[in-house]
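Asker: The task is simple: from the sequences and hints, build the whole structure.
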Amino acid sequence: MKHKTKNIYRSHYWFLLIIILVASFLRFWHFSEIPFTHDEFSALFRTQFNSFNELIKKGVMPDGHPAGVQIFLYYWVRIVGFSEPWVKLPFIVMGVLSLLLIWKIGCEWFSEQVAMLTTASLAFMQYFIMYSQIARPYISGVFFTLIMVLYWYRFVFNSDQTIKKLYKNALGYILGATLCMYNHYFSLLMVVLIGFLGLFYVSKKHFKQYILSNFIIALLFLPHIHIFIHQFQLQGLGWLGKPNLYFFANFFKFLTHFNIVVLFVLIAMFLGGLIYYIKTKQVFRKEHVIALYLGITSAVIGYVYSIYRAPVLQISVLIFSTPFLILFIFSFLAKVNKQLIYAFTIFWSFLLVYSLIETRDYYNNFYKSIYSQTFLKLKQVDNDSTLVLCSFSQEIGNYYIKKYKIKHPYNVFYSYQLSQKDLYSLLKNKKYHYLYMSSVTNESPYLFALYHEYFTHMILHYYLDQGEIRLLSRDSSVLYTGYTLLDFNSFKEKNNWAFDSNKLINDSYYGKVYKIDSTAEYSVQYEFVNKNEINSYAQWVDISAWIYLPSDFNGKAHLVATIEKDSVLVWQSAIIDTSIIPVKTWVPIATTLYFPDFAYKLDSLKLKVYFWNPEKQNFLVAKTFFGIRKGNAKIYWIYYHYLQ
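According to the working numbering, the stretch in the sequence shown is residues -7 to 636, in order.
Please note that a few of the clues may not be correct.
What the hints assert, rightly or not - Taking lysine-lysine pairs in the DSSO-like style, the calculated list, with each CA pair at most 27 angstroms apart, reads:
#, residue 1, residue 2
1, Lys397, Lys423
2, Lys484, Lys504
3, Lys422, Lys399
4, Lys273, Lys196
5, Lys507, Lys523
6, Lys234, Lys96
7, Lys360, Lys245
8, Lys486, Lys371
9, Lys395, Lys371
10, Lys200, Lys157
11, Lys330, Lys369
12, Lys484, Lys371
13, Lys484, Lys576
Bear in mind the hints are in silico, worked out from the structure with no lab data behind them.
For clarity, every value in this text was computed on a predicted model and none was experimentally measured.
Answerer: Structure (C-alpha cells):
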C-alpha cells in the first residue's frame, strides 16, 4: 500500500468540518421533537424485564435481530428513561461519526475528491439522516461496518506496517466485526463478505495473523449462536412480502429523494467519471472491486434469499452496504481537479438538502408521527363527550397519554381490543357527541366507513405518514362527507343499485327495506365501471349497508366487493354472522377496497358489490352505500414517496 500521511485528512479539513456541522444541524433539528417510530416502541417495550435472562428469552429470542442493540437499550433506558432525545442521542452521534469514517476510507482508498462527494452524500441523504434519528440497529450498523472495513483495509493491504500497527489494525478489525455481528444480521453478512474477500488479498506475511483474527471473530460470536439458530428457524419476518426487481429501482428513487434531478445528477456524475477514467487510461484498481463487491453483494444475497427461502430484503437492511456503493459511484472522479470537485460537492450537497426539505418535506412528514400527533391534536378536542378510537397498540397510546397529560383517558379505546359488538355499543352510546379516530396504514381500512354511519359529519381531517386522524360528529343533516363520488340507495326509488322490488317490505323506521331470503343466493347488486373517477392509488372505496338479523339467523352471509378486469383481481367481504353482529337490531356493516396496495393499472376497472347468501338465511337490508374517497397520498411516504 502506498504510504500516506495524516496530511490527507488535514488538507481539506475545513471542508469536512463544514459538512459535519451542517449534517449535525440537520440531524439535531428540533431534537426534542423527533418522535419514536413503531419499530422503536417495539424495542423499548421489550426492555421492561426484571432480569437479563428474561430480556434474552422474551425480548430478543422472538425478534429477528441479534441481541446487541436490544441489550444496549435495556441498560440505556434504565439511565435515561423513555425520553425520545436521550434514547436517540447515541444513534445520532454514531451517524455523525460515520461521516469521519467514510471520509477516511474515501481518502485512503481513492482520493480526497472521492471522499468529499461520498461524505456529502452520507451527510445529506434522507436515508442516513433518518436512520441516525431512529434508535434501531441501522445507523449503528453503518458505524460498526465502517470501523471494521477501515481497519480491515489497513490490516490487509499495509504490508510494511510495524508489529504494533499490525496488532492495532487487527484489533480494530476484530472489534468492528464483533460489533457488526451483534448489531444486525445484514451487518453480520458484511463481516462474512469482508472476511472472505481478505483471503484473496492478504499477503503471505500476514496470512496467519489474518486467519487468527477471523478465528477470534468467530469465537466471539459463539455466545450468540443459540439465539442465531433459533431466529434463523423463524424464516423471515412474517409480514414482509417477496421483493421483485422494481425493489431496486425504487431503492434508487428513495436514495435520491424521489427527485428526478437528483437521480439524473447522480447518474451523470457516475457516467462522467467513468468516461473520464477511461479516456485518461487509468487502471481499474482493487479498491474499485472491493467497493463494488461490498456495495452490491449483500443486496443480491438478500434478494435471492427472499425469493427462495423467506422474505428479509427491505430498504433498511441495505444501509450497511450503501456507503460502499456510493463510494464506487464517485470513485472514478479520484483524479479530477480538486477545485472542480469542490464545486460539484457544494452543488450536490445543495441539491440533496433542497430535495430533502422541498421534495420530501422531511421534517414535516417524519416529525409528525401518527402516534404522537394523535394525542397532541387530541388535546385540542379532549372532553368527556369525545369517543377516541385508535388502531395502534395501547402501550403506545399509554405512553402519549402520560406525556401529553390527556384529561379523559377512559374515553380512549383501541379497535384491535374490541369485538365488533363492542364497537357497536360504543358507537351507539349517546354520551359521545364526537368521534376522534386515528387509523394506521392499512389497519382495518373499513373502520372509517363503519364509524361514519354513526358520526356522519367530518369536522377535521389530517393526512400523515403511515396514518390519518379524523374528528367526526353526530349530525343527521349532513351525510357522507369526504367523498368525491357516492351512490346511495334507500330502496325508495329506482337507482343504480339492482334489486327485486317484489322483495321490498315496509318498516316503521326506514320506510322501505329489502328482505333477503332463501329464494336468491345473490341480491342487491351494484356495478361501477371506472372512467377515471378512481385515478390515484391513494383512493379508497367504501361500501356499507344497514342490516337487521332476526333471532333465528344461524348461518353466514356476506356483503361482497370485487375489483375485476378480465378476471376477479380482488375479492373481499363484510361477514354477516351472529358471532360478530347482534340480532334484532339495525346495525351497519362495511368493507373497503384499499387501492394503496393494489398491484394493477386503474383504467377500465369494474367494481361489483352484492349480497351473497350461500346458506339461504333470512335478514333485512335498509340502505346501501358506495363511495370513493380521496385517501392519504402520504400513507407510504417513507419508502415510496406520495402515492400517484
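Asker: Verify the proposed pairing of Lys484 with Lys371, using a straight-line Cα cut of 27 angstroms.
Answerer: Outside the cut-off at roughly 43 angstroms; violated.
Asker: Given the hinted pair Lys507 and Lys523, is their alpha-carbon gap at most 27 angstroms?
Answerer: violated (32 angstroms)
Asker: With the threshold set at 27 angstroms, check whether the alpha-carbon distance from Lys273 to Lys196 stays at or below it.
Answerer: violated (31 angstroms)
Asker: Starting from Lys484, check that the Cα of Lys576 is at most 27 angstroms away, please.
Answerer: Holds, at about 23 angstroms.
Asker: Is Lys395 close enough to Lys371, meaning Cα to Cα at most 27 angstroms?
Answerer: holds (11 angstroms)
Asker: Take a quick look at whether Lys397 and Lys423 sit within 27 angstroms of each other, Cα to Cα.
Answerer: At roughly 22 angstroms apart (the allowed maximum being 27 angstroms), Lys423 and Lys397 satisfy the hint.
Asker: Sort out whether Lys504 lies within 27 angstroms of Lys484, counting only the CA atoms.
Answerer: Holds, at about 6 angstroms.
Asker: Taken at face value, is the distance from the CA of Lys369 to the CA of Lys330 at most 27 angstroms?
Answerer: violated (51 angstroms)
Asker: Straight-line Cα separation of Lys234 and Lys96 no greater than 27 angstroms?
Answerer: violated (37 angstroms)
Asker: For the pair supplied as a hint, Lys200 and Lys157, is the alpha-carbon distance within the 27 angstroms limit?
Answerer: holds (16 angstroms)
Asker: Has the given pair, Lys486 with Lys371, been kept, meaning a C-alpha gap of at most 27 angstroms?
Answerer: violated (46 angstroms)
Asker: Lys422 and Lys399: Cα distance at most 27 angstroms?
Answerer: holds (20 angstroms)
The structure shown violates the earlier hints numbered 4, 5, 6, 8, 11, 12.
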